[in-house]
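Turn these sequences into a full structure, and let the hints guide you.
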Amino acid sequence: MSIGHTFLGLLESGPRHGYDLKRTFDARFGHDRPLAYGQVYSTLARLLKNGLVEVEGIEPGGGPERKRYAITDAGITDVERWLAQPEKPEPYLHSTLYTKVVLALLTGRSAAELLDTQRAEHLRLMRELTRRKSGGDLADQLVCDHALFHLEADLRWLELTAARLDQLAKEVTK
Amino acid sequence: MTEAGSADDGRRAGELLLVATALRKTYGHTPALDNADFSIRPGEVVAVMGPSGSGKSTLLHCLAGIVRPDAGQVRYRHRELSEMSDAERSALRRGEFGFVFQFGQLVPELTCVENVALPLRLNGVKRKEAERRATEWLDRLEVTDVSAKRPGEVSGGQGQRVAVARALVTGPRVVFADEPTGALDSLNGERVMELLTAAARDTQAAVVLVTHEARVAAYSDREVVVRDGRSRDLEHVA
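For the record, the sequence lines run as chains A and B. Taking our numbering, the leading residue of the first sequence gets 1, the next gets one more, and so forth. Taking our numbering, the leading residue of the second sequence gets 1, the next gets one more, and so forth.
What the hints contain is simulated information worked out from the structure, not anything from laboratory work. Among the hints, a few may not be true.
As the list claims (entries may be wrong) - Selected chain B positions facing chain A (in silico; Cβ < 8 Å):
no., residue
1, Pro51
2, Phe103
3, Glu194
4, Ala214
5, Ala217
6, Glu223
7, Arg230
8, Arg232
What the hints assert, rightly or not - Only pairs whose alpha carbons sit at most 20 Å apart, straight line, appear in this in silico EDC-like list of lysine to aspartate or glutamate:
no., chain 1, residue 1, chain 2, residue 2
9, A, Lys67, A, Glu56
10, B, Lys126, B, Glu142
11, A, Lys133, A, Glu152
12, B, Lys126, B, Glu96
13, A, Lys88, B, Glu235
14, A, Lys174, A, Asp73
15, A, Lys49, A, Asp73
16, B, Lys126, B, Glu114
17, A, Lys133, B, Asp221
18, A, Lys133, B, Glu213
19, A, Lys133, A, Glu90
20, A, Lys88, A, Asp116
21, A, Lys67, A, Glu12
22, A, Lys133, B, Glu194
23, A, Lys133, B, Glu96
24, A, Lys133, A, Asp145
25, A, Lys133, B, Asp202
26, A, Lys49, A, Glu12
As the list claims (entries may be wrong) - Here are the simulated distance ranges between beta carbons:
no., chain 1, residue 1, chain 2, residue 2, range
27, B, Ile66, A, Ala139, 41 to 51 Å
28, B, Gly156, A, Gln85, 36 to 46 Å
29, A, Gly38, B, Ala22, 55 to 65 Å
30, A, Arg164, B, Asp37, 22 to 32 Å
31, A, Gln85, B, Ala198, 28 to 38 Å
32, A, Glu128, B, Thr30, 30 to 40 Å
Think of the CB as a built atom: it goes at the ideal place given N, C-alpha and C, for glycine as much as any other residue.
Structure representation (structure tokens):
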């Protein structure tokens, strides 16, 4: 999962301190793996260097934890592009997709569109694997089947999430 | 064939064979289709997916002229289905359309070869010729050995292959398949899909494939998702 893009998505709703970003990230997306402070500040330093965030204000006392970060126009364009771009279908995508769906809902973008775009990408790969399987030997068939079953599981998750979007929107925006 | 014009008219690449626009259908107070669109070209396999109750089977029934939509149009090779008489629509379904359902729906009293020959017999083909052509299709679907058996004596996978043979024996231009592998295990389901899509592509038949299984939809060229009676063509997403 891209921590940088997730930070950008969280910053779209307003400027935050690094500590606040970490806390929100851990609560929403961290599950059992909270971010290390080093990771938080190195990510923010990179976003700053690339012009995707800016320091909006520094409180007295110094140190990185005193800075308030705000997203720039370039940052908004970057997060927009990331959300619209389907992920390369591969196993265990759920955390990235879940993050994207939640951020789309938080920032008022279409999560349904995002899920459909991803669905189309998954099916494209499933078609390719099905064609490869039809022309292949038994070993090819077994390898393709393994990938197909994983992709099918992802697709079922996409369908279920699409069916639960209204419920999820209520929960994440309350 | 029941339509006027040369046999190749509808088979030119790129030409739309069956087009539905702004279909609406309500059962009682329940809307089944709400402004649904659909189109398919000759030789194309299009998967229609969506949750249970989303309207995908109703869409298939409207496209096949089995159900009349409350509003909207279904055009098959330049003719509106709604402008045809019941007899014309029946002739269309018998001559130009083929059907495969989840449970083969074979006639239990007839042998498998007689089941496959049945649509030809109804179209006036002599028994001997009809059974010869039926046997060719059973061979193609790899179930020659069940030809003298009755449907109750064959496995689910074999029965479904017989049903596919029956759908294709008249050389239909459109095959409507509603959950054709729904009652089969993975291996049999896949073989049925391979045989169905290969045969359809060889004969340039279009296939409207209603399924809720992504692995079955992966045999299609493109996917249309139906949700709450509205359709979305995923080819144009992203």
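Against the structure, the hints:
{"no.": "1", "hint": "Pro51", "in the structure": "holds, 6 Å"}
{"no.": "2", "hint": "Phe103", "in the structure": "violated, 23 Å"}
{"no.": "3", "hint": "Glu194", "in the structure": "holds, 6 Å"}
{"no.": "4", "hint": "Ala214", "in the structure": "holds, 4 Å"}
{"no.": "5", "hint": "Ala217", "in the structure": "holds, 7 Å"}
{"no.": "6", "hint": "Glu223", "in the structure": "holds, 6 Å"}
{"no.": "7", "hint": "Arg230", "in the structure": "violated, 12 Å"}
{"no.": "8", "hint": "Arg232", "in the structure": "holds, 7 Å"}
{"no.": "9", "hint": "A:Lys67 / A:Glu56", "in the structure": "holds, 7 Å"}
{"no.": "10", "hint": "B:Lys126 / B:Glu142", "in the structure": "violated, 24 Å"}
{"no.": "11", "hint": "A:Lys133 / A:Glu152", "in the structure": "holds, 15 Å"}
{"no.": "12", "hint": "B:Lys126 / B:Glu96", "in the structure": "holds, 19 Å"}
{"no.": "13", "hint": "A:Lys88 / B:Glu235", "in the structure": "holds, 17 Å"}
{"no.": "14", "hint": "A:Lys174 / A:Asp73", "in the structure": "violated, 26 Å"}
{"no.": "15", "hint": "A:Lys49 / A:Asp73", "in the structure": "holds, 14 Å"}
{"no.": "16", "hint": "B:Lys126 / B:Glu114", "in the structure": "holds, 12 Å"}
{"no.": "17", "hint": "A:Lys133 / B:Asp221", "in the structure": "holds, 16 Å"}
{"no.": "18", "hint": "A:Lys133 / B:Glu213", "in the structure": "holds, 17 Å"}
{"no.": "19", "hint": "A:Lys133 / A:Glu90", "in the structure": "holds, 18 Å"}
{"no.": "20", "hint": "A:Lys88 / A:Asp116", "in the structure": "holds, 14 Å"}
{"no.": "21", "hint": "A:Lys67 / A:Glu12", "in the structure": "holds, 17 Å"}
{"no.": "22", "hint": "A:Lys133 / B:Glu194", "in the structure": "holds, 11 Å"}
{"no.": "23", "hint": "A:Lys133 / B:Glu96", "in the structure": "violated, 31 Å"}
{"no.": "24", "hint": "A:Lys133 / A:Asp145", "in the structure": "holds, 8 Å"}
{"no.": "25", "hint": "A:Lys133 / B:Asp202", "in the structure": "holds, 19 Å"}
{"no.": "26", "hint": "A:Lys49 / A:Glu12", "in the structure": "holds, 18 Å"}
{"no.": "27", "hint": "B:Ile66 / A:Ala139: 41 to 51 Å", "in the structure": "holds, 44 Å"}
{"no.": "28", "hint": "B:Gly156 / A:Gln85: 36 to 46 Å", "in the structure": "holds, 43 Å"}
{"no.": "29", "hint": "A:Gly38 / B:Ala22: 55 to 65 Å", "in the structure": "holds, 57 Å"}
{"no.": "30", "hint": "A:Arg164 / B:Asp37: 22 to 32 Å", "in the structure": "holds, 26 Å"}
{"no.": "31", "hint": "A:Gln85 / B:Ala198: 28 to 38 Å", "in the structure": "holds, 35 Å"}
{"no.": "32", "hint": "A:Glu128 / B:Thr30: 30 to 40 Å", "in the structure": "holds, 38 Å"}
Violated hints for the displayed structure, listed by number in ascending order: 2, 7, 10, 14 and 23.
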